[in-house]
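Engineer: Protein chains in written order, with my numbering: chain Z, 505 to 710; chain W, 505 to 710; chain V, 505 to 710; chain B, 505 to 710; chain E, 505 to 710; chain Y, 505 to 710; chain A, 505 to 710; chain P, 505 to 710.
Hints in this document: simulated from the structure, not taken from any laboratory. Note that this is a predicted model, so its numbers are computed, not measured. The beta-carbon is built from N, C-alpha and C at its ideal position, and this holds for glycine as well. Any given hint might turn out to be false.
Said to hold, decoys possible - FRET-style restraints, in silico, Cβ to Cβ:
(1) W:582 / V:513: 47 to 57 Å
(2) W:589 / E:693: 54 to 64 Å
(3) V:710 / B:552: 29 to 39 Å
(4) P:515 / Z:689: 40 to 50 Å
(5) W:582 / B:574: 16 to 26 Å
(6) P:506 / V:709: 41 to 51 Å
(7) P:710 / E:693: 33 to 43 Å
(8) W:608 / Z:689: 55 to 65 Å
(9) Z:709 / A:710: 31 to 41 Å
(10) B:589 / V:684: 31 to 41 Å
(11) E:693 / A:506: 40 to 50 Å
Protein chains: 8
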Amino acid sequence: MSFNYNRLDKDDVVLLMVDHQSGLLSLVRDFSPDDFRNNVLALADIAKFFDIPSILTTSFEDGPNGPMVPELKEMFPDAPYFARPGQINCWDNEDFVKAVKATGKKQILIAGVVTDVCVAFPTLSALAEGYEVFVVTDASGTFNLTTRDAAWSRMEQAGAQLMNWFSVGCELHRDWRNDIEGFGGILAKHLPQYANLIQSYTAQKG
Amino acid sequence: MSFNYNRLDKDDVVLLMVDHQSGLLSLVRDFSPDDFRNNVLALADIAKFFDIPSILTTSFEDGPNGPMVPELKEMFPDAPYFARPGQINCWDNEDFVKAVKATGKKQILIAGVVTDVCVAFPTLSALAEGYEVFVVTDASGTFNLTTRDAAWSRMEQAGAQLMNWFSVGCELHRDWRNDIEGFGGILAKHLPQYANLIQSYTAQKG
Amino acid sequence: MSFNYNRLDKDDVVLLMVDHQSGLLSLVRDFSPDDFRNNVLALADIAKFFDIPSILTTSFEDGPNGPMVPELKEMFPDAPYFARPGQINCWDNEDFVKAVKATGKKQILIAGVVTDVCVAFPTLSALAEGYEVFVVTDASGTFNLTTRDAAWSRMEQAGAQLMNWFSVGCELHRDWRNDIEGFGGILAKHLPQYANLIQSYTAQKG
Amino acid sequence: MSFNYNRLDKDDVVLLMVDHQSGLLSLVRDFSPDDFRNNVLALADIAKFFDIPSILTTSFEDGPNGPMVPELKEMFPDAPYFARPGQINCWDNEDFVKAVKATGKKQILIAGVVTDVCVAFPTLSALAEGYEVFVVTDASGTFNLTTRDAAWSRMEQAGAQLMNWFSVGCELHRDWRNDIEGFGGILAKHLPQYANLIQSYTAQKG
Amino acid sequence: MSFNYNRLDKDDVVLLMVDHQSGLLSLVRDFSPDDFRNNVLALADIAKFFDIPSILTTSFEDGPNGPMVPELKEMFPDAPYFARPGQINCWDNEDFVKAVKATGKKQILIAGVVTDVCVAFPTLSALAEGYEVFVVTDASGTFNLTTRDAAWSRMEQAGAQLMNWFSVGCELHRDWRNDIEGFGGILAKHLPQYANLIQSYTAQKG
Amino acid sequence: MSFNYNRLDKDDVVLLMVDHQSGLLSLVRDFSPDDFRNNVLALADIAKFFDIPSILTTSFEDGPNGPMVPELKEMFPDAPYFARPGQINCWDNEDFVKAVKATGKKQILIAGVVTDVCVAFPTLSALAEGYEVFVVTDASGTFNLTTRDAAWSRMEQAGAQLMNWFSVGCELHRDWRNDIEGFGGILAKHLPQYANLIQSYTAQKG
Amino acid sequence: MSFNYNRLDKDDVVLLMVDHQSGLLSLVRDFSPDDFRNNVLALADIAKFFDIPSILTTSFEDGPNGPMVPELKEMFPDAPYFARPGQINCWDNEDFVKAVKATGKKQILIAGVVTDVCVAFPTLSALAEGYEVFVVTDASGTFNLTTRDAAWSRMEQAGAQLMNWFSVGCELHRDWRNDIEGFGGILAKHLPQYANLIQSYTAQKG
Amino acid sequence: MSFNYNRLDKDDVVLLMVDHQSGLLSLVRDFSPDDFRNNVLALADIAKFFDIPSILTTSFEDGPNGPMVPELKEMFPDAPYFARPGQINCWDNEDFVKAVKATGKKQILIAGVVTDVCVAFPTLSALAEGYEVFVVTDASGTFNLTTRDAAWSRMEQAGAQLMNWFSVGCELHRDWRNDIEGFGGILAKHLPQYANLIQSYTAQKG
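Please build the complete structure, drawing on both the sequences and the hints.
Structural biologist: See the structure below:
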């Protein structure tokens with residue numbers, strides 16, 4: 505009955521970025537556009553900072569769903585990238601799953617658009633195969649709060665853990681002394697309110 | 505302890521549409537009237553598209569609760585239809601349950617008005633008989649968000665899975681290549697924001 | 505692993521009305537005052553209608569908490585009534601628990617003010633003694649939504665079922681034919697929107 | 505440029521209750537049903553208490569709009585009552601306007617359903633004829649807050665004053681000493697939170 | 505100081521539909537997509553019903569803003585249509601203004617995307633030229649509520665009247681007897697909650 | 505047409521604190537209790553700091569409305585204090601008005617409970633007598649936001665200016681150099697978020 | 505399957521106050537600043553009242569995060585205090601954990617800033633070591649409600665119980681007779697709405 | 505009585521950026537931090553794009569209020585910059601006003617923190633001197649929505665026009681053909697949802 509706390513481990517985790525495409529992003533209404541862009545790029549910066557293997561995928565990118573957001577593509581030039589020919593659940597794409605398994609990691613960080621489909625389906629698939637799945641809720645968006653709430657419920661029930669990009673970064677980092685400047689830089693870039701603290705501090709410290 | 509992901513399977517699922525009646529609909533206030541009408545009809549279109557056996561039922565339709573929404577009746581002219589003489593929980597109506605069992609399906613999709621009674625009661629009954637139950641939360645409405653939250657909690661606790669019409673459609677469809685036009689048509693009809701993507705795409709592609 | 509659906513049974517349930525006192529009611533801010541008064545009285549009417557044994561209790565009613573709402577006292581003139589001398593959790597009052605046990609019921613319906621204390625504590629106590637506990641969420645109020653959410657979470661986790669007065673009434677009634685007029689009268693009195701349906705129906709039926 | 509404060513004067517005001525009909529009430533979603541029923545009846549009680557001449561009117565009451573709420577009809581058995589044959593703006597009904605003018609009052613209190621039509625149109629008409637118009641905003645309802653905001657803006661711009669039933673009652677009463685019991689009774693009936701204060705006071709005063 | 509009520513007059517009004525384009529619509533977040541589509545089409549149906557001269561315009565429709573919503577184009581096949589080459593304020597397009605003036609109307613109904621630019625600018629321009637301008641607020645959308653509130657304030661201050669499609673329809677119609685079926689049909693189509701009233705009425709009337 | 509900016513002038517303003525009584529405060533629901541207490545006491549601190557003549561009044565303080573909040577009474581031991589025998593509008597109390605006029609001030613700061621009555625009525629009365637009236641909106645509370653919005657509209661329309669305690673303090677202070685410590689102390693006490701800035705600053709400056 | 509209700513026991517619980525620092529507090533936006541300050545100080549007062557061993561810790565207090573709130577430091581002058589040199593999860597600080605274990609308590613009360621990191625991480629760590637953990641949700645703050653909801657979900661899933669400072673106080677106190685004055689004093693200080701009840705009571709009792 | 509539409513004119517307008525300082529920004533809670541940073545920088549980019557003379561000012565920047573946001577300072581290296589020694593209303597600083605007047609412009613664009621003081625006071629001062637003032641509401645922030653609403657009301661009443669950065673940009677630009685790339689670049693940078701449209705367009709156009 506006792507709980508076992510398996511922390512996110514930068515050496516045992518793979519990041520899945522699912523369907524952050526220019527068309528699909530216009531469907532996201534549980535975040536403001538500024539907030540959501542910031543959250544997605546913050547998560548990407550964290551993955552880069554910790555050298556976490558990352559896998560990108562899109563759905564029908566030649567159609568109305570549009571291409572993957574260019575910033576993401578540029579940030580992960582060498583990451584495995586799967587433009588799926590039709591599978592809605594990216595876990596149904598054999599190449600994608602093969603790439604995930606090839607990393608040898610047991611933990612999955614996942615974010616995507618829309619939460620109830622592009623995130624929930626592979627989350628359930630991965631849980632069913634024994635992975636620990638951590639959903640980055642604020643880098644995943646969908647139509648409205650009702651849909652979000654239902655999707656979160658389904659994933660929780662199956663055992664997924666709900667996190668946000670900031671707590672993901674902190675759980676991976678563990679100790680500021682591992683790299684104060686680097687991690688602080690990410691916070692300053694993606695948390696304007698934290699950047700303000702740093703600026704006041706610097707000014708006042710002289 | 506490991507999770508088993510039984511996806512919605514179009515060959516093993518039956519849809520129950522419970523008490524979408526003109527009078528009862530005026531009680532629904534956890535959705536705007538436009539949104540709710542759209543959600544209910546979208547779910548019906550999905551059931552038609554995947555040829556999912558569907559069963560309709562109403563409560564006291566000759567009284568203040570009013571008749572079933574005519575669009576639903578027209579969409580399922582041959583579906584089993586049970587105007588219950590008094591049972592509040594449609595699972596207490598023997599003919600209804602017999603019809604459900606006659607389909608031989610093990611998965612149930614359910615939506616209705618109001619969520620805390622007409623959806624929750626048969627959901628709990630069906631779970632108790634071993635069915636997998638998927639509640640279509642956005643085609644189910646009730647008095648207010650407090651009531652909705654309590655009803656969702658009770659159903660979750662009993663093992664129901666909470667979904668929305670869009671994720672139901674996607675989980676049933678699995679792969680766009682199974683029928684791009686057909687499935688895309690449903691989305692265009694019921695997701696104006698997706699219709700806009702298609703229209704821009706078509707115009708720009710020339 | 506299968507779920508067992510023990511419905512609310514009018515012959516096996518006792519209602520606990522905890523601390524609906526004039527002073528404490530001024531603390532309730534997760535409902536409008538009109539809504540909350542209506543919900544509490546609706547629950548009381550349901551208990552009367554189904555002849556459910558009911559037990560009332562108050563905390564420090566001679567102090568700032570104030571006396572029990574007079575309507576409740578008048579509706580249950582013969583119900584066991586316990587003005588607790590100091591116990592915060594009414595389950596710590598031996599006489600109260602004795603009265604509950606004397607009913608011989610296995611199901612408990614509970615509502616009170618405030619949700620996180622006067623409802624949550626006896627709910628947890630009763631669950632620990634093996635009772636099935638159904639919390640009437642909309643006849644229970646507290647300081648704000650954050651507090652409400654936390655209190656609901658704690659009770660859910662312990663196995664309580666969250667309901668609302670309308671679903672309680674419907675689950676107890678089971679079939680309209682048991683008494684159409686009586687049950688309809690309660691709805692007409694406490695659901696203005698349903699009263700309107702009845703009125704339109706009556707006028708139009710002529 | 506200086507402001508002239510013409511208070512509501514019980515000897516110079518007429519109340520117009522417009523289209524509070526059982527069908528139309530189902531359209532009101534800027535208030536909870538309990539709150540709205542309470543507000544409408546509170547306004548009616550105030551008019552009765554101050555013997556304010558009141559005029560009732562309905563639109564197509566034999567059709568889907570339904571009959572006027574029975575409580576209102578019963579409270580004003582002798583009031584002029586106009587079931588309009590088709591005019592949307594009740595000010596377009598000559599008999600209605602004649603009745604208003606026959607009162608000889610210069611101030612109008614108005615409430616109705618829906619705010620943007622049944623209240624706004626006669627408000628603008630009456631202002632154009634030189635009446636002072638006081639809109640009872642919480643006894644007037646409409647589809648949603650966007651519509652409410654636009655309707656309020658239009659009426660404000662034309663010079664209407666926006667009030668609520670409680671401030672209407674207080675401005676008419678002027679001094680508690682005119683009738684403490686009577687006015688307090690209305691507040692106790694329609695402000696549960698005030699009834700609680702009275703109850704605590706009474707209990708504590710002994 | 506007295507107010508002059510110039511009602512919307514179907515013989516003296518022109519409708520301007522500004523920039524309802526597939527791309528721009530993805531920017532609208534002060535309404536749900538279903539609600540907004542419904543509102544825009546309801547306004548168009550009203551204009552058709554009353555034979556109100558209507559003028560359509562788009563901004564950069566060959567670029568990312570996308571083409572005008574096809575339903576609008578189909579509904580107004582013979583309406584003047586101006587695909588502006590670059591003017592942001594459509595009132596800066598001479599042909600557009602010429603078309604407005606050619607109608608000889610003194611009242612303008614306007615709706616568009618986004619409210620703070622495509623609606624506010626021509627509204628201010630038209631007011632400055634002496635037109636009476638009625639903004640259809642619920643067929644006009646923008647980025648968020650803060651922006652909406654500021655845009656409404658600016659237009660109010662300049663003398664524009666804020667309305668919604670329903671009140672526009674009612675003020676134009678004036679009397680149900682002018683065409684009960686026709687006008688009722690529009691309401692039934694665009695107000696699901698009113699359609700339900702009609703359906704209950706019809707069923708119960710027999 | 506040009507605007508004349510008469511700033512709040514500490515030598516020409518009187519503060520009216522109306523009906524902040526223990527019973528009436530339980531009616532205030534447009535602020536959280538913590539926020540409201542803080543706002544009222546902040547306004548009082550500002551009046552003390554600038555030595556603004558202040559006048560206190562209560563309505564029926566021996567009845568359910570309860571006594572004035574003790575902190576206020578203690579802060580203004582020598583202020584004129586009027587326990588009104590029955591007048592709802594404190595401007596109807598001759599002694600009160602005499603006290604206001606005796607100050608010889610032309611500007612009035614007013615706050616009270618409830619906004620739509622105890623603030624709005626004297627505000628309109630004072631405007632009618634030529635005073636400039638500044639309503640401290642966040643030290644004035646009422647039943648809900650609908651009521652607040654209507655009351656604000658009525659007061660704006662009559663020419664009152666809506667402010668908050670912080671802007672009142674700043675407009676009176678004009679220049680930090682007049683007393684940095686004193687004014688900063690009030691902010692630190694009533695703006696926890698500003699207190700945090702000061703604390704960080706002090707710590708970092710060393 | 506039966507639930508075991510281990511109440512908070514003042515003799516078996518330790519309080520952890522984590523990172524309530526002046527800089528970090530500016531990040532908290534799921535509470536108003538007034539509410540949050542009040543909640544944190546109320547929790548501290550409760551711990552003092554029940555003589556609960558308390559442990560304080562901060563993260564990088566010499567940097568932008570700023571010093572611990574001075575009120576907390578003053579209230580617990582003798583409490584173990586750990587200014588962590590870099591560990592984000594305070595449970596990673598050996599001295600901190602040693603201090604917790606040295607208390608010999610089996611229950612942990614925890615509050616901190618931000619909820620998703622500074623509260624969630626040590627909560628999960630403590631649960632994994634077999635502690636019962638009670639999160640004081642309203643004395644713990646974070647960036648926004650989405651983040652809060654995800655963090656609560658993760659902690660619930662692991663077995664933490666979500667409470668609020670008021671229910672913590674009540675569960676520890678158990679019976680008012682243990683010290684009416686003392687406990688009432690805390691409520692009067694931190695619940696203005698309860699202070700009002702006491703004041704009315706005292707005035708009316710005479 | 506007729507309205508005169510003086511558009512924002514890039515040759516006759518000066519921008520005032522008031523007190524966007526790292527400490528004060530932590531007080532802004534009517535926008536998310538991401539949204540607010542984006543809005544402020546978008547406004548700055550617009551001023552740069554149209555070469556609008558800009559004046560910056562800060563209040564007590566060596567104290568807890570902190571230094572001006574560095575991005576702003578860098579964007580306007582040659583702009584007049586006034587670190588006010590104590591005046592709260594920047595219009596009380598003679599050098600500042602002299603700089604404004606030296607521009608010879610008749611229109612003022614203003615944004616700042618906090619809205620009710622640092623924006624409202626100079627807005628009223630400038631209006632009183634005959635300037636046309638356009639408040640950029642979404643680049644101005646304050647404590648909460650109540651405060652924002654009151655501040656907007658006061659400025660509107662005095663004749664200020666409320667705008668948002670996007671409408672400011674569009675009113676200045678007038679015609680896309682003046683510089684499609686340049687203006688589109690600003691939108692792409694500060695409206696992620698518009699950037700997505702551009703990206704889809706570019707991809708699909710090929």
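Engineer: For a quick check of understanding: which of the numbered hints are violated here, in increasing order?
Structural biologist: The structure conflicts with hints 1, 2, 5, 6, 9 and 11, although it agrees with all the remaining ones.
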